[in-house]
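For reference, the chains in residue letters:
There are 2 protein chains.
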Amino acid sequence: MRIAFLGLGIMGRPMATRLVAAGHELSVWNRTARQHIDGANTAVSPADAAKEAEVVWICVADTAAVERVVFGDDGALQSLHEGAIVVDSSTISPSATARFAERANERGVHWVDAPVTGSKIGAENGQLIFMVGGANEPIEYLDPLFKAMGKLVIHMGGTGKGQAAKLCMNLQLALIYEGFAEAFTLSQKLGVDSHKLLELIQASMVRSGAIDYKAPFVMRRDYSPNFPLRLMHKDIHLMLDVAKENRVKLPALETVDEIYELSSEEGWDDLDYAATLSLLEKWAGITPKAAK
Amino acid sequence: MRIAFLGLGIMGRPMATRLVAAGHELSVWNRTARQHIDGANTAVSPADAAKEAEVVWICVADTAAVERVVFGDDGALQSLHEGAIVVDSSTISPSATARFAERANERGVHWVDAPVTGSKIGAENGQLIFMVGGANEPIEYLDPLFKAMGKLVIHMGGTGKGQAAKLCMNLQLALIYEGFAEAFTLSQKLGVDSHKLLELIQASMVRSGAIDYKAPFVMRRDYSPNFPLRLMHKDIHLMLDVAKENRVKLPALETVDEIYELSSEEGWDDLDYAATLSLLEKWAGITPKAAK
Numbered sequence: 003m004r005i006a007f008l009g010l011g012i013m014g015r016p017m018a019t020r021l022v023a024a025g026h027e028l029s030v031w032n033r034t035a036r037q038h039i040d041g042a043n044t045a046v047s048p049a050d051a052a053k054e055a056e057v058v059w060i061c062v063a064d065t066a067a068v069e070r071v072v073f074g075d076d077g078a079l080q081s082l083h084e085g086a087i088v089v090d091s092s093t094i095s096p097s098a099t100a101r102f103a104e105r106a107n108e109r110g111v112h113w114v115d116a117p118v119t120g121s122k123i124g125a126e127n128g129q130l131i132f133m134v135g136g137a138n139e140p141i142e143y144l145d146p147l148f149k150a151m152g153k154l155v156i157h158m159g160g161t162g163k164g165q166a167a168k169l170c171m172n173l174q175l176a177l178i179y180e181g182f183a184e185a186f187t188l189s190q191k192l193g194v195d196s197h198k199l200l201e202l203i204q205a206s207m208v209r210s211g212a213i214d215y216k217a218p219f220v221m222r223r224d225y226s227p228n229f230p231l232r233l234m235h236k237d238i239h240l241m242l243d244v245a246k247e248n249r250v251k252l253p254a255l256e257t258v259d260e261i262y263e264l265s266s267e268e269g270w271d272d273l274d275y276a277a278t279l280s281l282l283e284k285w286a287g288i289t290p291k292a293a294k
Numbered sequence: 003m004r005i006a007f008l009g010l011g012i013m014g015r016p017m018a019t020r021l022v023a024a025g026h027e028l029s030v031w032n033r034t035a036r037q038h039i040d041g042a043n044t045a046v047s048p049a050d051a052a053k054e055a056e057v058v059w060i061c062v063a064d065t066a067a068v069e070r071v072v073f074g075d076d077g078a079l080q081s082l083h084e085g086a087i088v089v090d091s092s093t094i095s096p097s098a099t100a101r102f103a104e105r106a107n108e109r110g111v112h113w114v115d116a117p118v119t120g121s122k123i124g125a126e127n128g129q130l131i132f133m134v135g136g137a138n139e140p141i142e143y144l145d146p147l148f149k150a151m152g153k154l155v156i157h158m159g160g161t162g163k164g165q166a167a168k169l170c171m172n173l174q175l176a177l178i179y180e181g182f183a184e185a186f187t188l189s190q191k192l193g194v195d196s197h198k199l200l201e202l203i204q205a206s207m208v209r210s211g212a213i214d215y216k217a218p219f220v221m222r223r224d225y226s227p228n229f230p231l232r233l234m235h236k237d238i239h240l241m242l243d244v245a246k247e248n249r250v251k252l253p254a255l256e257t258v259d260e261i262y263e264l265s266s267e268e269g270w271d272d273l274d275y276a277a278t279l280s281l282l283e284k285w286a287g288i289t290p291k292a293a294k
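Sequence order for the protein chains is A and B. Note that this note's numbering has the first sequence beginning at 3, numbered continuously upward. Note that this note's numbering has the second sequence beginning at 3, numbered continuously upward.
Among the hints, a few may not be true.
Copies of the same chain are indistinguishable here, so a pair counts whether it falls within one copy or spans any two.
[What the hints assert, rightly or not] With a straight-line Cα cutoff of 20 Å, these simulated SDA-like cross-link-like pairs (lysine to any residue) come out:
{"#": "1", "residue 1": "K53", "residue 2": "Q37"}
{"#": "2", "residue 1": "K251", "residue 2": "K284"}
{"#": "3", "residue 1": "K198", "residue 2": "V46"}
{"#": "4", "residue 1": "K246", "residue 2": "T257"}
{"#": "5", "residue 1": "K251", "residue 2": "Q190"}
{"#": "6", "residue 1": "K149", "residue 2": "E54"}
{"#": "7", "residue 1": "K251", "residue 2": "E263"}
{"#": "8", "residue 1": "K246", "residue 2": "A286"}
{"#": "9", "residue 1": "K153", "residue 2": "D243"}
{"#": "10", "residue 1": "K198", "residue 2": "G25"}
{"#": "11", "residue 1": "K251", "residue 2": "P140"}
If you are wondering where the hints come from, they were derived from the structure by calculation, not from laboratory data. All values derive from a computational prediction rather than experimental measurement.
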């Protein structure tokens with residue numbers, strides 16, 4: 003299939019690489035630093051990438067960036083033919099998704115929202131989970147592409163339902179990590195051995211893949227970005243916005259938002275979101291040995 | 003072994019039953035309603051149960067109850083001989099545990115704190131995890147008893163470290179569930195199919211045994227108490243107290259405490275802690291079909 007891939011960040015690059023490996027014809031574009039992927043054409047703009055593409059796959063940072071790469075002056079829609087499919091694997095607003103889909107549909111272009119979960123490692127190993135919103139037909143057409151990048155595709159419902167599901171997933175992720183971070187901070191002050199605490203967590207019902215994955219980094223206070231703090235913070239804002247639009251109160255998430263706000267003020271935006279632990283440790287007067 | 007078992011609640015009853023099944027000689031006591039366990043003697047007081055016991059195993063509701071059953075007028079210490087071991091599987095304050103252990107030690111009685119995780123089902127199947135604090139010698143002596151009730155014993159450190167670890171575990175449990183409850187509430191307002199959301203959770207890194215176990219009950223809004231709300235609320239207070247004693251700030255837990263406070267005011271103390279979801283649903287104007 004001829005595919006334009008827009009956005010070669012932490013997730014986009016391994017996803018595009020897997021599509022190339024599966025034999026598809028890719029034209030890739032990235033906003034910052036002209037990036038190259040072996041076996042793919044490097045485009046100068048989204049519009050350039052989208053020339054003759056059947057599918058435009060997007061993996062960019064936020065709602066504004068999706069709007070820009072699709073509907074902007076050099077946007078993909080400038081060169082897309084009727085019947086093409088835009089697939090958005092960014093995590094953005096469900097209501098903006100509905101508006102974008104409508105604008106694309108007016109031009110005869112399908113819109114599928116398909117955010118992912120599974121982190122960078124999942125992207126590299128083709129083990130992503132896609133949460134998909136949109137019509138059946140384009141989604142079925144995309145099946146070989148989903149299979150090249152992921153282990154599971156769940157069709158959540160109509161347009162925007164993939165994004166809605168994604169926000170519900172990251173909400174849980176944020177609170178699972180916050181629970182771990184608060185427990186981990188308290189345990190240190192109470193003199194509980196951190197390795198034994200982890201052994202306990204991993205033997206128990208509070209075990210999650212999220213903490214299994216994060217704990218070794220936390221143990222060495224390695225906050226190199228896997229899921230950058232600024233992106234989780236952006237997702238939290240999306241959740242709170244959509245909650246407000248829908249009159250839902252999310253009290254613990256609001257509190258977690260404040261922690262991200264303060265972490266951002268500390269200048270940790272480009273660290274992993276796990277760095278929010280440092281704030282709790284700082285408040286508790288803990289100076290971890292391995293901390294930067 | 004001759005064992006006095008004090009407290010036959012949701013956890014205590016199946017634990018005592020397993021000790022009897024393993025061939026131990028039990029004398030059991032319960033504060034409310036004289037309860038009988040086949041094959042065990044039923045005592046009229048903790049002191050009565052503890053007569054000639056080598057081990058007193060406690061599984062009661064809170065710090066005050068532990069103090070009463072051990073140090074009260076009819077408390078176990080009245081009849082315990084030197085060298086006996088008190089094992090406390092209640093979840094209580096780590097600092098009170100240190101004081102209790104000291105008072106017991108003055109009488110030549112060992113104290114082992116051994117709170118459990120694994121819920122009612124784990125207790126019934128002998129699959130509990132014990133988080134143990136205390137000296138090596140009594141803990142090794144207790145090994146066959148731990149094995150009769152649990153699948154794993156982690157010796158966390160000295161007196162009180164078992165309780166400290168337990169609080170860190172339940173802190174995570176409270177936040178994992180709150181994250182699920184907030185996500186689940188939001189998902190309903192966004193029109194996400196609940197069964198698909200669960201499928202997604204269970205395929206992803208946010209999956210936990212805690213939510214696997216709770217979700218089917220939540221789906222039918224069955225809040226019959228497995229882990230009663232008032233006990234989780236009590237544990238949250240213990241966490242916040244110990245956090246304050248140790249100058250630790252736990253912002254998300256403080257917010258969750260407010261939700262338990264309000265749930266308690268709604269009269270849900272004797273429901274499962276999963277009922278806190280109802281508060282979020284109420285605020286969002288959701289009337290779930292299966293809700294009571």
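Tested hints:
1. K53 <-> Q37: within (18 Å within a copy, 78 Å between copies)
2. K251 <-> K284: Classified as between: cross-chain Cα gap 10 Å, same-chain 29 Å, threshold 20 Å.
3. K198 <-> V46: This pair counts as neither: shortest intra-copy Cα distance 52 Å, inter-copy 39 Å.
4. K246 <-> T257: Close inside one copy (15 Å) and across copies (18 Å); limit 20 Å.
5. K251 <-> Q190: between (32 Å within a copy, 13 Å between copies)
6. K149 <-> E54: neither (23 Å within a copy, 67 Å between copies)
7. K251 <-> E263: both (19 Å within a copy, 16 Å between copies)
8. K246 <-> A286: between (33 Å within a copy, 10 Å between copies)
9. K153 <-> D243: neither (30 Å within a copy, 45 Å between copies)
10. K198 <-> G25: neither (47 Å within a copy, 31 Å between copies)
11. K251 <-> P140: Neither, since 35 Å and 49 Å both go past 20 Å.
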